[in-house]
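K.L.:
Chain by chain, the residues run as shown.
Number of protein chains: 4
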Amino acid sequence: MIILIQCNDKIGLVAAIAGVITQNKLNIISMREHVDKQANRFFARIVSEQYSDVSLLLKDIQSVLPEGAVISINPGPEKKIIVLVTKEYHCLSDILVRNHFKTLGASVQCVIGNHDVLKDICERFGMPFYVVNHENKSNGIFESALLEVINKYPHDYLVLAKFMRILSPKFVELFPLRIVNIHHSFLPAFIGANPYKQAYIRGVKLIGATAHFVTNDLDEGPIIDQKIIPVNHTYTTEDMVNAGKEVEKSVLAKSLKMLFEDRVFVYNNKTVVFE
Amino acid sequence: MIILIQCNDKIGLVAAIAGVITQNKLNIISMREHVDKQANRFFARIVSEQYSDVSLLLKDIQSVLPEGAVISINPGPEKKIIVLVTKEYHCLSDILVRNHFKTLGASVQCVIGNHDVLKDICERFGMPFYVVNHENKSNGIFESALLEVINKYPHDYLVLAKFMRILSPKFVELFPLRIVNIHHSFLPAFIGANPYKQAYIRGVKLIGATAHFVTNDLDEGPIIDQKIIPVNHTYTTEDMVNAGKEVEKSVLAKSLKMLFEDRVFVYNNKTVVFE
Amino acid sequence: MIILIQCNDKIGLVAAIAGVITQNKLNIISMREHVDKQANRFFARIVSEQYSDVSLLLKDIQSVLPEGAVISINPGPEKKIIVLVTKEYHCLSDILVRNHFKTLGASVQCVIGNHDVLKDICERFGMPFYVVNHENKSNGIFESALLEVINKYPHDYLVLAKFMRILSPKFVELFPLRIVNIHHSFLPAFIGANPYKQAYIRGVKLIGATAHFVTNDLDEGPIIDQKIIPVNHTYTTEDMVNAGKEVEKSVLAKSLKMLFEDRVFVYNNKTVVFE
Amino acid sequence: MIILIQCNDKIGLVAAIAGVITQNKLNIISMREHVDKQANRFFARIVSEQYSDVSLLLKDIQSVLPEGAVISINPGPEKKIIVLVTKEYHCLSDILVRNHFKTLGASVQCVIGNHDVLKDICERFGMPFYVVNHENKSNGIFESALLEVINKYPHDYLVLAKFMRILSPKFVELFPLRIVNIHHSFLPAFIGANPYKQAYIRGVKLIGATAHFVTNDLDEGPIIDQKIIPVNHTYTTEDMVNAGKEVEKSVLAKSLKMLFEDRVFVYNNKTVVFE
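Chains as they are written, first to last, in my numbering: chain V, 9 to 283; chain E, 9 to 283; chain P, 9 to 283; chain S, 9 to 283.
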């Protein structure tokens, strides 16, 4: 059972929360807390061994927290996700393989592509794949078509696994902090299109990738994780793209793991990640 | 004020400890705890904002902990250390510079060398330097001479900053978990002499360094931190030695910082480090 | 066209080799050379743009090299490999995905498992899978059965992608420097069985993986690549195993890329890798 | 003896250059070359064992290169450098220590500070220190005062070791590709002032440092090296500053090593670094 708490900070919070849990005869397996002093914000993730009356526990915890506290207990069974892709296979394949072997920590419901290139790999894993083409369509119509597929399945998160279309504010607002994107640069460097080309021209010695929540500021949403790899003068733009794929795959996998294990909190356009 | 606790685990420990602290009107600034389930061992490091009657608080905390608990409160002012060296300057200089600018987190009392090579750099920082030569001496006499200097100064820790002599069990027992060594390999690989030569011959692609507590099993004491850097076929043994110096310096500095901030616990020949 | 040369070193080798290539009107796209001064050994990897009479060029190059030189020109089309596995899917899946999308740089001919666990994933990619069970069999009979399958297919390399059986000297000798293994530790630390358990007990702060050629000294063959990731006191043995899988997958992929691009030379139980 | 060549690419360059060197009875110890295909630019760094008539060799090499080639042979004895600082000690101390122990690969002539904070540490190493205060001065007068000190000493490079003033185009033009700066961010992210504060607000998970040549585009000069370290939600801006100092020190040291060993070429606002 996992208990997640985010609220304003005040003296004695840890003791109060731990007290409530102990009074309910629950043993705390692990407890992580963080206080952002500047923002006066408190975060806790508690794993407890035993189970009890959740709604009662929720009420008990609520009673010792400041007003406006956000609590969630036992965020339910495995998360359900929908993956959006364009043409690149590396992130999707990694997700499909982990999903297949039940090590993703979430269950992929279906995959939607704006091209059909990745249909074959999905079918090999028995994964429903939908082509929602964006060509010759207004963005509104394109996104309506996406939503039509999305709404066929339960979904806790949408994962943009190299989905190369920009989603409209209207669409994004339907999924607040529930869309995760892998961006192919070490944000905030090289925001926008063609980051590897920009990196090549600038002559950087490291390239990176950033997994972040999608908000309505392009490439400006809360960062979940980032990773880099060294490059050098021998790398062409294409070499950087290829090297970048490895790091994109790796950082997306790590971020999804953190997310699906309920280790990620968001506030002030930043994240607290209890690794 | 920092409170350190190590004891056997039991249900409700976090709540009990946090409760005692809150009852004493102390606000918890940060609290880190860890339970080793396998060893049934509990560790906590609590930073609290305000100060109070320490001996009373100690007694209060003790009362809620299992028998055999080790508690320390407010481990006193800045640690005092003595540094032992041989001929290599890189780790010592880094310590002297940080000590000089008051960013070491400890106060170096003196430096002891079994050669006089590093006397000059110490004098430049106004640091007392003692030569205790090991040549033509039994180990017992050599170590007695070391102790004579050491006992002139208060000392919480001895830091072996590339001290190339092996200390006897008798000597080590005088400083249980209070001698820190930087070993020039990624332990447990390349235990013993000439690790870089061993690494060269083996053709490894990474070399590393390990900071650890000294115990009577050579290079087998509890590891505080480790770091590596990539090497390749162009590295001679000497190149590895030089590259290794950078990582030795860096890993020792990091480990001392952890130690001096009271972030390191030891049990079962391992460490818990609350970074 | 790739030209690989390994020979004893002598003055003027680079000029002589480059001269021969230029005389044959070939432009050198890239040239990498290395001299191990201590071993007096010369290595070169030359990529040239244009093609010509290979056997003539080979003879021309041979004529300017010392006796005993090993040259290979244009090592032929894509490498062919056979993958051996036991039960773990992570390395195999990564290879299958890359193979499927033609980015492996080699062509997987078939997969052999001593269990049938990974049959399903192979079939999903249309990859022939053979179970060669080791139970209730002498090692000789087991290896004969392996060879029977192996010999059905052309094969430049055997890749042990978490194949948990130790191959006999007799078997290994059939494939000199043509068997690549991924070992789940930062060799030479934790040689042998259960490296993650050993790492857990020792309390290391980094774990790693090593891709190496298999020789008849267990875990002592020439190292192709190594990589590590940080771990800490919160990792159980199982957590280390899981974290290790990511690095195993990554280091094997990188090593195979180097190998399939003819960037790896072996001598004195070490490698030269022209990245 | 080190030979550096930068010129337009053409067929047979390696053979021609190597041929000239061999004809002059010089053995090539190591040769590194790189061709930027897109820019059609050739770079070579040749280390040869023996010495000969440099001006003749220069003429001989020139004769086989395309027009406009830039060659330098045996770039003379140890480089001479002048270090500019403001108040932070970490980069300067590292340079002073290496200079003192003759492992910097260059000889520091003097240190100039726009504050006097670092005078003491310089004096401890017998290093001339000049205060050139910028307060209540026009930039022109400040820079004239800097130049007055600089011109007292021979100088191959100026090193800005956390010098927190922006130099004017007029000043920078006096030292083309001869001013090295350490910038406290992973450029091009967080250009300009207060990068750590920017990083904190953005909630990045990595922070870095960049060593680069100073040009008249602020923070846009050719990058020599970059390095990062992971940070997390527990880091305040001040923690990031402190963690950043370690990486600044490390990346500046590495870049200076590359520079002083004549391993760095510049073209198109990028570098080729033969590590």
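These aren't lab readings, by the way, just hints derived from the structure by calculation. Take the hints with a grain of salt, since some may be wrong.
You can't tell identical chains apart in this list, so a pair holds if it fits in one copy or across any two.
Keeping only pairs whose Cα atoms sit at most 20 angstroms apart, straight-line, the calculated PhoX-like set for lysine-lysine is [claimed, not checked]:
(1) 205 / 45
(2) 110 / 95
(3) 253 / 265
(4) 278 / 110
(5) 205 / 178
K.L.:
Against each hint, give a clear statement of whether it holds in the structure.
P.N.:
For each hint, the structure was consulted:
1. For the homomeric pair residue 205 and residue 45, the shortest alpha-carbon distance between copies (15 angstroms) is at most 20 angstroms, but the shortest distance inside one copy (40 angstroms) is not.
2. In this assembly of identical chains, the alpha carbons of residue 110 and residue 95 lie at most 20 angstroms apart only when taken from different copies (15 angstroms versus 24 angstroms within one copy).
3. Taking CA atoms no more than 20 angstroms apart as the test, residue 253 paired with residue 265 passes in both settings, with 18 angstroms inside one copy and 14 angstroms between copies.
4. With identical chains, the CA atoms of residue 278 and residue 110 are never at most 20 angstroms apart, being 30 angstroms at best within one copy and 33 angstroms at best between copies.
5. In this assembly of identical chains, residue 205 and residue 178 lie within 20 angstroms of each other by CA distance neither inside one copy nor across copies; the values are 30 angstroms within and 32 angstroms between.
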